[in-house]
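Peer 1: Letter by letter, the chains look like this.
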Amino acid sequence: MLNTSYLPLNRSLTLLAFALLITFSLSALIGRYPAPGFLPFERLAQDELAQRLFFNLRLPRLLTALLLGMTLSAAGMVFQLLFSNPLVEPGFLGVSQGAAFGAALAIVFFGGSALVTQTSASLFALAGLGISYLLAHRLRYGGWVLRLVLAGIAVSALFSSGLGLLKYLADPLTQLPEITFWLLGGLASLTWGKLLSILPIVLVGLTVIYLYRWRLNLLALNEQTSFSLGIAVGRERWLLILAAVLPTAVLISVSGMVGWVGLIIPHIARRLFRTDARFSLPASMLIGGIFTMLCDDLARTLLAGEIPLGILTSLFGALIFLALMIFQPMPNKQ
Amino acid sequence: MTQPILSFRNVTFGYQPGKPILRDVTFDLRPGRITAILGPNGAGKTTLLSLTLGWLAAWTGEIHLAGTPLKSLAPQERGRRMALVPQSEHTPFDYTVLEYILLARAPHLPPLAMPTAADTQIALHALEQVGISALAERPMPQLSGGEHQLMLLARALTQLHPSRPNGVLRKGTGGEGFLLLLDEPTSHLDLHNKARLIEILRALRKTGVTLLMTNHEPEVVLALADEVLLMESGIAPQFGALDEVFTAEALSRIYRLPIRLVQIDGHKQVLWT
Chain C
1 MLNTSYLPLN
11 RSLTLLAFAL
21 LITFSLSALI
31 GRYPAPGFLP
41 FERLAQDELA
51 QRLFFNLRLP
61 RLLTALLLGM
71 TLSAAGMVFQ
81 LLFSNPLVEP
91 GFLGVSQGAA
101 FGAALAIVFF
111 GGSALVTQTS
121 ASLFALAGLG
131 ISYLLAHRLR
141 YGGWVLRLVL
151 AGIAVSALFS
161 SGLGLLKYLA
171 DPLTQLPEIT
181 FWLLGGLASL
191 TWGKLLSILP
201 IVLVGLTVIY
211 LYRWRLNLLA
221 LNEQTSFSLG
231 IAVGRERWLL
241 ILAAVLPTAV
251 LISVSGMVGW
261 VGLIIPHIAR
271 RLFRTDARFS
281 LPASMLIGGI
291 FTMLCDDLAR
301 TLLAGEIPLG
311 ILTSLFGALI
321 FLALMIFQPM
331 PNKQ
Chain H
1 MTQPILSFRN
11 VTFGYQPGKP
21 ILRDVTFDLR
31 PGRITAILGP
41 NGAGKTTLLS
51 LTLGWLAAWT
61 GEIHLAGTPL
71 KSLAPQERGR
81 RMALVPQSEH
91 TPFDYTVLEY
101 ILLARAPHLP
111 PLAMPTAADT
121 QIALHALEQV
131 GISALAERPM
141 PQLSGGEHQL
151 MLLARALTQL
161 HPSRPNGVLR
171 KGTGGEGFLL
181 LLDEPTSHLD
191 LHNKARLIEI
201 LRALRKTGVT
211 LLMTNHEPEV
221 VLALADEVLL
231 MESGIAPQFG
241 ALDEVFTAEA
251 LSRIYRLPIR
261 LVQIDGHKQV
271 LWT
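Line by line, the protein sequences are chains C and H.
Once you know that position 38 of the first sequence is 38 in the numbering used here, the rest is easy, because the numbers rise by one and skip nothing.
Once you know that position 262 of the second sequence is 262 in the numbering used here, the rest is easy, because the numbers rise by one and skip nothing.
Worth flagging that the hints you see were computed from the coordinates, not collected in a lab.
The beta carbon of each residue, even a glycine, is placed where N, CA and C say it ideally should be.
Be a bit skeptical, because a hint or two may be false.
[To be verified] As a list, the in silico SDA-like pairs of lysine to any residue whose alpha-carbon atoms are at most 25 Å apart: (1) Lys71(H) with Val233(C); (2) Lys19(H) with Ala232(C); (3) Lys19(H) with Gln238(H); (4) Lys71(H) with Ala232(C); (5) Lys194(H) with Gly32(H); (6) Lys71(H) with Ala188(C); (7) Lys71(H) with Gly143(C); (8) Lys206(H) with Asp28(H); (9) Lys19(H) with Val233(C); (10) Lys71(H) with Glu236(C); (11) Lys71(H) with Leu218(C); (12) Lys71(H) with Gly131(H); (13) Lys71(H) with Arg32(C); (14) Lys268(H) with Leu257(H); (15) Lys268(H) with Arg196(H); (16) Lys71(H) with Gly234(C); (17) Lys194(H) with Tyr255(H); (18) Lys167(C) with Ala188(C); (19) Lys206(H) with Leu257(H); (20) Lys194(H) with Gly131(H); (21) Lys71(H) with Gln224(C); (22) Lys19(H) with Trp260(C); (23) Lys206(H) with Glu219(H); (24) Lys71(H) with Lys167(C); (25) Lys206(H) with Ile235(H); (26) Lys206(H) with Glu217(H); (27) Lys206(H) with Lys167(C); (28) Lys268(H) with Glu219(H); (29) Lys71(H) with Arg235(C); (30) Lys71(H) with Asn222(C); (31) Lys19(H) with Gly142(C); (32) Lys19(H) with Glu236(C); (33) Lys71(H) with Ala57(H).
[Unchecked claim] Computed footprint of chain C on chain H; a stretch qualifies when at least three of its residues, placed anywhere within it, have a C-beta under 8 Å from a C-beta of chain C: (34) 14-22; (35) 50-63; (36) 68-78; (37) 81-89; (38) 111-121.
Construct all of the structure, not just a fragment, from the sequences and the given hints.
Peer 2: Next comes the structure, spelled out in structure tokens:
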């Protein structure tokens, strides 16, 4: 009898879920108050400042880091499968550059308060997707994948030139640093209010993607093949694109650019859990959550000042990826 | 007369306006028969399969699948009744053979459901039928051209397997109402596998499955086909029994070569020089 049991993969997923819970619990206790390191339980029970810090600053920030990692990784997996292209990441349909442009616009012209920046960033992120979609319909060239990719590249380029213009116009002493920090990404200013404002979209998106994990494989097939298997390709594809892009857009609007998570984590997940998205998708979510929480732990504790999260995710993402490529044999090699 | 499983009525289609490649195509496929589509390169053989699949929409004319207009068939229902074996297929991800062909159970599963152990058994059985059980855990990119083609056949068998948990395709039963489309199914196969494919398709016919295939190889057509659809550029194709349509004159005409049909050891053979 062939070894067709998925028990080992299921067991590894359970282990990953435990690792995520442990990371979450430890991350909640780690910080720079009262001293760099772990916050002891006794202190948390007695110190009112410690409690406020724990419940009002660390918890919402940690939850957002978790959701950010899970969403970017899940959305990255969705995009890589849907576009049959291992090199795309969740923001490439004009979403990341749209959000960056929106944030910079708010900082330069509208005072740059947190709420205005967040709203403007998410609106322009969605506008990026919308314009890419409309453009893709107008293009008369290639199949739908190529058209969307081309439209995404064009829209991203437009927004990034707009961003360049805004940077040029920005006050170099006050506004420009703010734009730069936004682009480097970070969760320092996270509050319960911000988290709750994005939570519904994020949870709905993640749930839809999770439920569709096996059918994602069907959409990764070439289009005529999925059609011949009786799939309503167009409908399911747009449902999944929306389920991936909407949470990504609202998360980017509060976190800024946190790069490489959505590109690299899906690769790592496929390396460790094979290609079948039944397993690689949940694995991608869990690994992405753990990875982003750990990076954010470093971002807020390593130095007295905050290290931008995007720098750390790129650095460690790339290092882990290279290590895997070099040392881990392909799981399916015979 | 039984209802045709597939019927084309005056179907016209082309890729560019004003330049039809299929003109006035009319034929009926009866259940449990094998029909070969023959014709020179560019005559529209694969296009005809794509029209049958519903992937392309005819300019004019009507296509019915078992009496139902193809256009009004729900995608999932269509996927349950009709499968396609393409010549080859590319995916950039390294699914294992079993994972890949298991995807063909999709039309039998409720929305959001995942394949069960029973579905895995069906897929494994299909691999056994085409003789590549040993490749079940092999990543797809490592398959040879012939193995890849056999895998695509196994996927179609997985797809056309009845929904009932214990339903199996048996001789004389189970396959009625299924239509299997094959695009050059022997193009990458060695002699051994070619003979095996012929056996598999004959066995499928016995279960009642209807087959429609394009093929360039006369010996495969002679070994399998009950009916032939002869396509020539620019004119309405000719449809009829093998003996009537598959003649030396017709072949010489469509391939523009002097072709002879001879009897060797009681088998018809095609000779050309």
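Peer 1: Now tell me, hint by hint, if it's right for this structure.
Peer 2: Here is what the structure says about each hint:
1. Lys71(H) with Val233(C): 16 Å, holds
2. Lys19(H) with Ala232(C): 30 Å, violated
3. Lys19(H) with Gln238(H): Answer holds: Lys19(H) to Gln238(H) is near 20 Å, not above 25 Å.
4. Lys71(H) with Ala232(C): Roughly 13 Å separates the two Cα atoms, so the pair holds.
5. Lys194(H) with Gly32(H): Roughly 21 Å separates the two Cα atoms, so the pair holds.
6. Lys71(H) with Ala188(C): 55 Å, violated
7. Lys71(H) with Gly143(C): 23 Å, holds
8. Lys206(H) with Asp28(H): 19 Å, holds
9. Lys19(H) with Val233(C): Violated. Lys19(H) to Val233(C) sits at ~29 Å, over the 25 Å cutoff.
10. Lys71(H) with Glu236(C): 19 Å, holds
11. Lys71(H) with Leu218(C): The hint holds at about 22 Å.
12. Lys71(H) with Gly131(H): Roughly 36 Å between the alpha carbons, so the hint for Lys71(H) and Gly131(H) is violated.
13. Lys71(H) with Arg32(C): 65 Å, violated
14. Lys268(H) with Leu257(H): 18 Å, holds
15. Lys268(H) with Arg196(H): 20 Å, holds
16. Lys71(H) with Gly234(C): Status holds; Cα separation ~16 Å.
17. Lys194(H) with Tyr255(H): 23 Å, holds
18. Lys167(C) with Ala188(C): This hinted pair holds, its Cα atoms lying about 22 Å apart.
19. Lys206(H) with Leu257(H): Violated, because 35 Å separates the two Cα atoms, which is more than 25 Å.
20. Lys194(H) with Gly131(H): 12 Å, holds
21. Lys71(H) with Gln224(C): 16 Å, holds
22. Lys19(H) with Trp260(C): Judged against 25 Å, a Cα distance of about 49 Å means the pair is violated.
23. Lys206(H) with Glu219(H): Satisfied, since the Cα-Cα distance of roughly 20 Å is no more than 25 Å.
24. Lys71(H) with Lys167(C): 54 Å, violated
25. Lys206(H) with Ile235(H): Violated, because 33 Å separates the two Cα atoms, which is more than 25 Å.
26. Lys206(H) with Glu217(H): 22 Å, holds
27. Lys206(H) with Lys167(C): 73 Å, violated
28. Lys268(H) with Glu219(H): Holds - the C-alpha atoms of Glu219(H) and Lys268(H) are around 8 Å apart, at most 25 Å.
29. Lys71(H) with Arg235(C): Cα-Cα ~17 Å, so holds.
30. Lys71(H) with Asn222(C): 21 Å, holds
31. Lys19(H) with Gly142(C): 21 Å, holds
32. Lys19(H) with Glu236(C): With a Cα-Cα distance of about 34 Å, the restraint between Lys19(H) and Glu236(C) is violated, given a limit of 25 Å.
33. Lys71(H) with Ala57(H): Given that 25 Å is the threshold and the Cα spacing comes to 9 Å, the pair holds.
34. 14-22: The restraint on the stretch 14-22 of chain H is violated, since only 0 of its residues have a Cβ under 8 Å from chain C and three are required.
35. 50-63: holds (count 4)
36. 68-78: holds (count 4)
37. 81-89: It holds, with 5 qualifying residues against the three required.
38. 111-121: Contact hint for the stretch 111-121 of chain H vs chain C: holds, 4 residues under 8 Å.
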